[in-house]
Amino acid sequence: MIILVPIGFSAEHELERMRALLEARFSVRTYISPTDLDPRPFLEPKRHQYYSSAILEQLERDVPQEDAKVLGVCSLDLYIPILTFVFGEAQLNGRCAVISSYRLDNKFYGLPEDPEGLQERLYKEAIHELGHTFGLVHCQDQGCVMRSSTYMEEIDWKSNEFCPDCMARIAPLF
Amino acid sequence: MAEQVSLLIVDDEQVVRDSLKNWFTQEGYQVETASGAMEALDKLPEFSFDIVLLDIKMPGMDGIELQRRLKEIDQQLVVIIMTAYASVDTAVSALKQGAYDYIIKPIDPDDLSRLVRNAVMQRRLLRENLRLKEEITSLIYMDQMIGESPQMQEIFRLIQTVADTDTTVMIQGPSGTGKELVARAIHVNSKRRYFPIIAINCGALPDTLVESELFGHERGAFTGAQYRRKGKLELAHKGTIFFDEIGNIGLKTQMDLLRVIETKQFTRLGGNQIIDADFRIISATNSNLEEAVKEGTFREDLYYRLNVFNIQLPSLKERPADIPLLVSHFVQKYATAMNKPFSGVDQEAMEMLTNHSWPGNVRELQNAVERAIVVGSPPLVTVNDFPFTINGKLVATPSADSDKVLTLEEVEKRHIQFAINKTGGNISQVAQLLDVDRATIYNKIKKYGLRA
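Chains A and B, in that order, give the protein sequences. Each residue of the first sequence is one higher than the one before, counting from 1 in my numbering. Each residue of the second sequence is one higher than the one before, counting from 1 in my numbering.
There could be a bad hint or two in this list.
Not everything, but these chain B residues come out facing chain A in the computed CB check (under 10 Å) [stated by the list, open to error]: (1) Asp12; (2) Val15; (3) Trp23; (4) Thr25; (5) Gln26; (6) Met82; (7) Asp108; (8) Asp111; (9) Asn118; (10) Gln122; (11) Glu291; (12) Lys294.
I should point out that these hints are in silico values taken from the structure, not numbers from a laboratory. Even glycine gets a Cβ: it sits at the ideal position worked out from N, Cα and C.
Using the sequences and the hints given, assemble the complete structure.
Shown next, in the form of structure tokens:
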């Protein structure tokens with residue numbers, strides 16, 4: 001089971017669309033949590049950013065179902081202390097992951113708006129971070145969704161699919 | 001990942017250690033962490049790390065000091081320094097002490113990813129370089145020089161003695177005795193082994209060409225010089241230059257060469273730029289240079305410059321005890337190359353080979369064995385597989401077309417090959433026997449694709 005948790009994420013139709021896509025992709029029941037997670041405690045005022053690792057811990061406490069993968073979805077600027085930002089974070093082989101649309105949006109870079117591009121990137125990031133919770137590490141395959149992306153264009157270059165190797169690794173789980 | 005890369009993160013802040021560990025684990029690296037210098041030093045012998053990321057400012061021993069100690073244990077370790085303050089001084093000091101790079105916290109994920117990727121690549125190249133160097137050392141030519149006779153043992157001793165010095169060496173000996181092998185053995189046993197050995201066959205080039213071969217030329221230096229070309233002396237920088245058949249160079253080139261040996265400086269033909277080159281000279285000749293000096297065809301001063309350390313190679317006739325060794329070496333070599341299951345030569349053939357006079361020395365023997373492997377049938381090479389004179393009696397190769405009238409070209413081709421075989425590939429002798437000049441022989445060899 002996958003549970004999507006909105007974190008101050010207002011685009012409800014977007015969340016519903018993602019739920020349907022993830023359910024089809026992983027062939028597991030996928031729900032949207034009726035309650036939001038309040039991100040304010042995780043704001044680092046000096047950086048004006050939200051600490052993603054702390055959000056993951058909170059998600060873990062809020063959704064105790066052991067058999068559920070939990071994906072927080074937000075549009076906040078996320079960080080971990082050592083890095084300037086992250087697109088998302090996941091517990092490798094764990095239960096929780098979080099993604100943000102903040103830096104996937106053309107607006108952030110002063111580029112013309114591209115809602116479809118944003119949707120696709122957010123979807124790829126969702127699969128990518130959930131992939132980590134299923135134990136996948138970054139993949140060298142250019143087109144694999146598990147390829148590491150450190151800037152927006154890199155997300156566009158890869159597909160939203162797992163390469164055959166990664167697929168083979170997670171297939172036994174389903 | 002093709003190869004597991006292992007990383008050590010040293011930082012006194014737990015949150016930094018955890019987030020980096022998580023990030024790099026997802027990258028597929030094997031990650032260990034240490035909260036301080038002592039823990040890092042403890043972990044180093046236990047794990048074999050490729051890369052260490054360390055915080056510059058830690059309680060107790062700081063990052064710079066830790067880096068120094070880590071490098072003492074593993075010199076090839078790639079160290080990346082992390083600092084919270086953009087302090088140029090400390091960064092410079094870290095780099096001076098051998099850090100690969102430094103990064104300022106917080107780090108842009110793209111920078112970190114690229115930096116670590118490059119560091120992994122550098123580490124891989126370092127390892128590959130070391131491995132290749134070891135391979136080169138193990139490929140040392142010494143083992144290709146076969147001989148247990150006292151004469152050859154003495155040659156091996158001389159090679160060892162002179163190799164590590166930078167002394168100019170002259171190798172003298174009849175054609176086919178392995179002068180080039182000795183030159184290469186000296187080179188690969190010297191400290192210049194990782195740089196090239198450039199061979200120049202002075203006998204095969206007219207005097208005018210030797211000049212541009214040696215010194216190179218600038219664009220437009222002469223008709224046909226369309227591009228700048230580096231000369232052999234320049235290519236041999238830090239390595240060795242090997243002059244084969246040095247006795248054949250003309251007086252003008254002798255003078256140029258003498259000047260270069262003295263100054264280690266030269267200019268390309270048509271150029272003004274003075275080029276410094278650091279090379280060791282090894283020369284070889286089968287002619288009697290002392291005689292040439294007396295006759296005035298070889299400069300005496302150049303002769304003394306080149307003949308600092310002399311190695312005289314014995315002819316094969318002088319060391320018949322080595323023939324069986326050489327034969328089995330060549331049988332093995334060509335049998336493997338031609339994928340034929342030969343195990344050696346039969347007793348009769350070995351006796352014949354040991355008693356043969358071998359005017360063309362080891363090269364002739366090598367060619368004879370190669371031919372025998374081509375025509376013979378495994379498992380043993382027999383007398384019938386060799387085409388030459390035994391005890392003064394010529395054993396002709398059986399020929400299917402002996403009744404056929406051959407073209408003049410075919411006759412010429414066969415006749416030259418016969419002369420080449422007869423002399424063991426000594427082109428000067430071939431030219432003498434056929435009463436034409438050497439250049440004609442070289443041209444015919446090229447034209448007919450003959451085996452020299």
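Q. So which of the earlier hints does this model not fit?
A. 1, 9, 10, 11, 12
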